[in-house]
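J.: Spelled out, the chains give:
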Amino acid sequence: MWTQYLIWIFLGIGLTFNGLGAIGLLRFPDVYTRLHAATKATTFGSIFTSLAVVTFAFTQLYLNGKMANLQLGLHTIVAIASLLLTNPVGAHAIARAAHRSGVKPEKAVVDKLAEVKK
Amino acid sequence: MIDIWFLTAFILLLWMILSIIRAVAGPTAPDRVVALDTINTLVVAIMIILSVAYSQIIFVDVAIVYALLSFVATLYIAKYLEGGI
Amino acid sequence: MIFEYLLQIFLLIGLVILAYLAIKFKDLIACAISLGIFSFILSLEFYILQAPDVAIAEAGIGAGLTTAIFIIAIHGTSRWEVEE
Chain A
1 MWTQYLIWIF
11 LGIGLTFNGL
21 GAIGLLRFPD
31 VYTRLHAATK
41 ATTFGSIFTS
51 LAVVTFAFTQ
61 LYLNGKMANL
71 QLGLHTIVAI
81 ASLLLTNPVG
91 AHAIARAAHR
101 SGVKPEKAVV
111 DKLAEVKK
Chain B
119 MIDIWFLTAF
129 ILLLWMILSI
139 IRAVAGPTAP
149 DRVVALDTIN
159 TLVVAIMIIL
169 SVAYSQIIFV
179 DVAIVYALLS
189 FVATLYIAKY
199 LEGGI
Chain C
204 MIFEYLLQIF
214 LLIGLVILAY
224 LAIKFKDLIA
234 CAISLGIFSF
244 ILSLEFYILQ
254 APDVAIAEAG
264 IGAGLTTAIF
274 IIAIHGTSRW
284 EVEE
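Chains as they are written, first to last, in my numbering: chain A, 1 to 118; chain B, 119 to 203; chain C, 204 to 287.
Read the hints as simulated data drawn from the structure, not as lab findings. C-beta atoms are modelled at their ideal positions from N, C-alpha and C, and glycine is treated no differently. Hints are supplied without guarantee of correctness; some may be wrong.
In the DSS-like style, the derived pairs of lysine-lysine whose C-alpha atoms are separated by at most 25 Å in a straight line are [as the list claims (entries may be wrong)]:
#: 1; chain 1: C; residue 1: Lys-229; chain 2: B; residue 2: Lys-197
#: 2; chain 1: B; residue 1: Lys-197; chain 2: A; residue 2: Lys-104
#: 3; chain 1: A; residue 1: Lys-104; chain 2: A; residue 2: Lys-117
#: 4; chain 1: A; residue 1: Lys-112; chain 2: A; residue 2: Lys-66
#: 5; chain 1: A; residue 1: Lys-40; chain 2: B; residue 2: Lys-197
#: 6; chain 1: C; residue 1: Lys-229; chain 2: A; residue 2: Lys-117
#: 7; chain 1: A; residue 1: Lys-66; chain 2: B; residue 2: Lys-197
#: 8; chain 1: A; residue 1: Lys-112; chain 2: B; residue 2: Lys-197
#: 9; chain 1: A; residue 1: Lys-107; chain 2: A; residue 2: Lys-40
Covered stretches of chain A (chain B as the covering partner; in silico rule of three or more C-beta atoms under 8 Å from a C-beta of chain B) [what the hints assert, rightly or not]:
#: 10; region: 34–42
#: 11; region: 50–63
#: 12; region: 87–94
Now the in silico label distances, taken between C-beta atoms and shown as ranges [stated by the list, open to error]:
#: 13; chain 1: C; residue 1: Asp-256; chain 2: A; residue 2: Lys-117; range: 43 to 51 Å
#: 14; chain 1: A; residue 1: Leu-70; chain 2: C; residue 2: Phe-228; range: 41 to 49 Å
#: 15; chain 1: A; residue 1: Thr-16; chain 2: B; residue 2: Asp-179; range: 26 to 34 Å
With the hints as extra help, turn the sequences into a complete structure.
T.: See below:
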């Protein structure tokens with residue numbers, strides 16, 4: 001079926017963005033830019049690899065009509081929702097903890113948050 | 119059609135090993151926490167991919183439980199680094 | 204299934220490296236984070252060995268609760284390991 005090519009495109013996009021997140025985590029100079037690269041790119045890529053699974057499940061449901069494929073698709077959608085719920089909250093908590101534990105940005109000129117807190 | 123899922127899981131494992139390098143070499147503690155968070159997300163993605171590769175429907179539930187529970191560790195470490203537990 | 208064997212080989216190498224680093228670090232927060240990553244990879248290994256119930260138990264207890272208990276214990280004592 002034509003959704004096979006759609007699955008390949010989704011897997012390609014997901015692998016590319018996960019790889020960009022990992023390389024950014026390895027190459028960037030300080031905590032905040034690493035957090036920026038790792039969290040956002042990795043969440044985007046994981047959503048796309050999971051969307052490939054959803055597409056595969058609904059294609060199999062259309063082809064042979066087993067209800068187990070519907071269960072696979074719906075549970076994967078729940079997993080995507082839990083990723084979307086927990087990942088940004090964790091990133092925000094890490095950024096606030098890094099700023100309060102005294103890690104400064106590498107080449108920053110102004111630090112408005114430290115001025116506000118005084 | 120089955121083999122492409124194992125290939126995807128293997129490439130995601132390679133990205134996870136790159137994140138482990140940052141967790142080993144990170145100069146401060148928040149760097150290591152960022153690497154931990156990245157490894158969480160990649161492990162959830164690998165689990166969802168492998169459940170299709172083994173064609174076992176029940177394996178997706180492990181990924182849901184994992185995504186909701188590994189969040190606790192990140193929040194605890196962030197709360198400790200922030201100053202008060 | 205060449206990629207399945209490669210997956211298991213890389214996971215076991217990662218387990219050995221992280222278990223060594225958990226002993227080697229002097230910063231105890233880094234040790235707790237290293238044991239957390241160890242638990243994640245062990246859970247993935249149980250998952251590949253077709254045992255999802257053990258993987259759920261390892262993810263809940265090893266990754267979530269044990270790291271939190273280690274952090275509370277470090278908060279009660281000192282953060283750096285003291286040389287005798």
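J.: Could you tell me which of the hints above the structure violates, numbers in ascending order?
T.: The structure conflicts with hints 4, 6, 7, although it agrees with all the remaining ones.
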